[in-house]
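K.L.:
Single-letter residue listing:
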Amino acid sequence: MDKLKRFAVDYVTYVVKGSPAFYAWIAFLCLFILCLLYGTYLHAADGLRYTGLTDQVHDGLYLANFVFLVGIAAGAVTIVFPAYVYHHKGLHAVAVLGEMLAISAVLMCILFIISHMGRPDRLWHMLPIIGIYNLPNSMLAWDTLVLIGYMLLNFIGGFYFLYRKYTGQPLNKKFYMPLIYISIVWALSIHTVTAFLLNTMPSRPMWHHSMMPIRFILTAFAAGPSLIILIFLIVRKRTRLWIENSAIDLLATIITYCLGLALFLSLSEIVTELYANTEHALGLQYLMFGMHGFTDLVPWFWGSLAASIAAFVILLIPAWRSNYRLLALACGLAFSGIWVEKGMGLLIPGFIPTPIGEFTQYLPTTLEIFVTLGNWAVGFLILTVLLKGAIGILLGDIAYAKSTQAKTTSDAAGVSATPELT
Amino acid sequence: MKKSAILPAVLLLWFVSLSSAWAEPAKCFESRKGASEVTQRMIGENLPNVKCSPKTGAVLWWGDPFDGTMPMGDMPIQDADYTRGKALVKPRSDKIGLLPLCGNTCHTGTLPKGFPTNKDTRELVMMHQAIVLDSTKLPHGRGNIWCLDCHHSTQRNKLVDHRDKPISFDQPQQLCGKCHGEVYRDWREGIHGKRIGEWASTGTKRWFVCTECHNPHNVQHGDRNRGFAQHQPEKAPSLPKGMKTADHERHPHGTSDH
Amino acid sequence: MTNKEKICNSQHSAGGCACSGQAPVETPVDEPSSRRNFLKNAGSLSVSSLLGTAALMTMSDDANANMEWAEWFQGNYRLMSEEEKAMARARLERRYSREYGKTVTVDGTPPQEGVLMGYALNIKKCIGCRRCAKACVEENNQSRGKDQDIEWIRVLKMEKGEFSQEKMNQGYPEGLGIQVGGNAYSPAGVVLEGEHYYQPEAVPEKDSAYMPIACMQCEKPPCVKVCPVRTTYREADGPVVIDYNWCIGCRMCMSACPYWARRFNWSDPNLPKEAMNPVTHYLGNRPRMKGVVEKCTFCIQRTRKGRYPACVEVCPTGARKFGNLLDPNSEVSRIIARKNVFRLKAELNTFPKFFYFMD
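Residue numbers (the numbering used here), protein chains in the order written: chain B, 1 to 422; chain Z, 1 to 258; chain L, 1 to 359.
Hints were generated in silico from the structure; no laboratory data involved. Ideal Cβ positions, reconstructed from N, Cα and C, are used throughout, including at glycine. Any given hint might turn out to be false.
[Stated by the list, open to error] Okay, derived cross-link-like pairs now, EDC-like style, lysine to aspartate or glutamate, Cα gap no bigger than 16 Å in a straight line: (1) Z/165 to Z/182; (2) L/339 to Z/182; (3) Z/235 to L/201; (4) L/305 to Z/64; (5) L/273 to Z/45; (6) L/345 to L/235; (7) L/220 to L/235; (8) L/339 to Z/189.
[Claimed, not checked] What the simulated footprint calls covered on chain Z by chain L, stretch by stretch (three residues with Cβ under 8 Å from a Cβ of chain L suffice, anywhere in the stretch; the number is not a length): (9) 60 to 71; (10) 165 to 173; (11) 191 to 199; (12) 230 to 240.
Whole structure, please, built from the sequences with the hints as guidance.
P.N.:
Next comes the structure, spelled out in structure tokens:
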């Protein structure tokens, strides 16, 4: 217990100290978090009336970000899988960072769901014994289950790893490896279930096709690693932790394949829907070309398509992929392209037209945008804290052996300081 | 202010506030304007007899569906689904103001000398032009019927069928059904026409009779759509948030949509 | 009015919320045991200091703030015992009567034996007057006002269709000649792409047909399947109902409904006192609260007592028919037997109990 207490104390004391740039980043995030607090107060007191949501388009920014972030959380498996199943050295060294990302992404998902719900004070109605948990029928119930499970898996697995590294003890393989294997499969399930959440409803013909889970997994494995590569590049620059090129290169390869396949699926969808151009294709038509004078989504669609194609082209050409500046650009383009494609490109046009043929538009309000940014800020804050702590432990800066109050700088033990497995 | 002036001032204020409650009670029509009006009043605690639409003056809601009704009475039963006493109608006779006089004035049963004694179609001059403009061109039946085919020639407060049997104004279906048999059968089944009250097949219902919805004097009027006059519609639903007009969904008749 | 009520009301109107943490101590006339009071007070005292979110939600200025704590924690209606159900309804009666200043009854009549409620609508007769939508609002206590207007019935105006000689040569040339005829995309008849916001001077218009849509009360409701907390369910006598106190506002049911039948309370409903219908049912037209879904319930507060739904009674052309599908003598059964009926989106296998027909 004493070790655990020291772990907590050392972790926290390490994390709260940083450079001025670090504090500036935290302050920047806190600005948005303040907006979030105000927005959440308004939602709790007055309901969702200050959003742009209507009975026609009743799921907007909040659910779109939820869907996207489940993908990011699932994307952490692109580190864990090669690291532990294929023993990829470069990724093995930093696998725990992927788990930290997964935790913060799932936390953001939960925050977005709470923003989205009409009655967050009634969330206890979903708990199994004191409430009603509609399994196996309700996909949302499944989604909640797998998300909480995934977060727990990553939390327990990640912090177990960090704690063992902190105390210098070897990992108990019999405990740790099953967790890892389960979390790999579980990661696939979270985004599949999220896809099932949308595609099992024939009332929404734009979503009602079997391609959705595949597309979700592919875009998750394109957007997730994009964010991870950007984080790795920042970690390289800002901390003493050096992440091997092989790690980044493998992730870039994964993004290339998945982004390419996702673009292929988009092409397939466009051809299938627009060839016969039935009433079921109206949502896609509205998205791509606008309808009845509503064209607000059209630039988003073509912009995201252009961004994804540009990212794919950059990633495809080996000389460009290995140029990390261009790689960063490609990752940024892929991440934002897929974000737009999930939100504006999938969720919103699914509601337009309504099942009985009404065309409307959805215009998020300023409050909605700030609450969204605030939720992201909370996520990034947690991510920053978790990554900082994890990096500190990986570097050996936080170690039980040196758990004194004064912070001592240690020689960079380097990346090879992975815990020994018995 | 003197204390003695306060009480009269209070009383005055009370009377003024009451006067707004004594404003003209709302009048609304049940099915067609001018023919089936009811006056709103309270029939219980927080229970008005009807709720009226502020936009069109139509009745939107009945507090008591059987208010002012009487049993329908005899009706030829052939797989009819009503039980006597459970089918109610709202009598119309008392609303037709001149009806009691019809038998006593002008049409006393004794025909004046020189008047035709048959039921052939003829032009009515200076009589009932407000109801029917040209009696030889009754817009009902395309020249096949005229006034005396429905109205009793001697008992003018009654209708009449093809066998000269008098029919009450409160039971017009006994006459209308003679020609409009298929509609009459559907009406007896509850498929055509309107009923309010209890939905069970053995329940009590108020049946709306033919003339409560259809005006037999001008069913073929130009702007009628299937024999039913045009009405002012109620207000459209509110536009969704952020939309200012509904112009996006209006398109000139017959033009392409996409 | 007890002293407590007077204090509660005056503090409430001053914006204070001291009363929200305690259940009023007055004993309603019909409550026999003081043990209930004791338990209620004990329960409410013990939890009155918890839950920040709940406290936030009671800080709004409207009368919903005076919700008793027991109401916050009540379970799902279907799983309650008869006694709990009665207590829940009595709580609501007290709250609504306070809020609206009239004697409000919250009925709990259970499903009737041998009844399956069905509906038939004659689309030949509908003239698009929208009185059904407004009568429904008069009966069912929906929110009204700018950005808060809720109507459960939506009437579509559809074109009769016009095919013209002029358009014969206006097809889309697609490479190898005209492949799409010029008269394509001209809507005609029953299509679910009608106008929703038509407002002519008089209806019916010559070139139009009308079709109202509301909850179809499906036998296999997609909304029931997706609800994560099973707050919406199909009652034994047919209608699909919602326990408004259990709904968490996730809006999955709104996505799943193929008929766009469900509405959401985006904020505290605005229901003027004089417009409130005090005869309510727990699963039907009792006033809702923010953040919950609502929809047509076939006027369960009327139909369980034997009366037609409000929309059926108001329709001036008698286009709407309602009855017991299990009774061969009911109007709806006769319509199904004699006329040709169809259901919307039948290919989705929702099996609605709302039929459309023409005669």
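K.L.:
With reference to the structure, classify each hint as holding or not holding.
P.N.:
Tested hints:
{"no.": "1", "hint": "Z/165 to Z/182", "in the structure": "21 Å, violated"}
{"no.": "2", "hint": "L/339 to Z/182", "in the structure": "13 Å, holds"}
{"no.": "3", "hint": "Z/235 to L/201", "in the structure": "11 Å, holds"}
{"no.": "4", "hint": "L/305 to Z/64", "in the structure": "14 Å, holds"}
{"no.": "5", "hint": "L/273 to Z/45", "in the structure": "14 Å, holds"}
{"no.": "6", "hint": "L/345 to L/235", "in the structure": "22 Å, violated"}
{"no.": "7", "hint": "L/220 to L/235", "in the structure": "12 Å, holds"}
{"no.": "8", "hint": "L/339 to Z/189", "in the structure": "12 Å, holds"}
{"no.": "9", "hint": "60 to 71", "in the structure": "holds (count 4)"}
{"no.": "10", "hint": "165 to 173", "in the structure": "violated (count 0)"}
{"no.": "11", "hint": "191 to 199", "in the structure": "holds (count 9)"}
{"no.": "12", "hint": "230 to 240", "in the structure": "holds (count 10)"}
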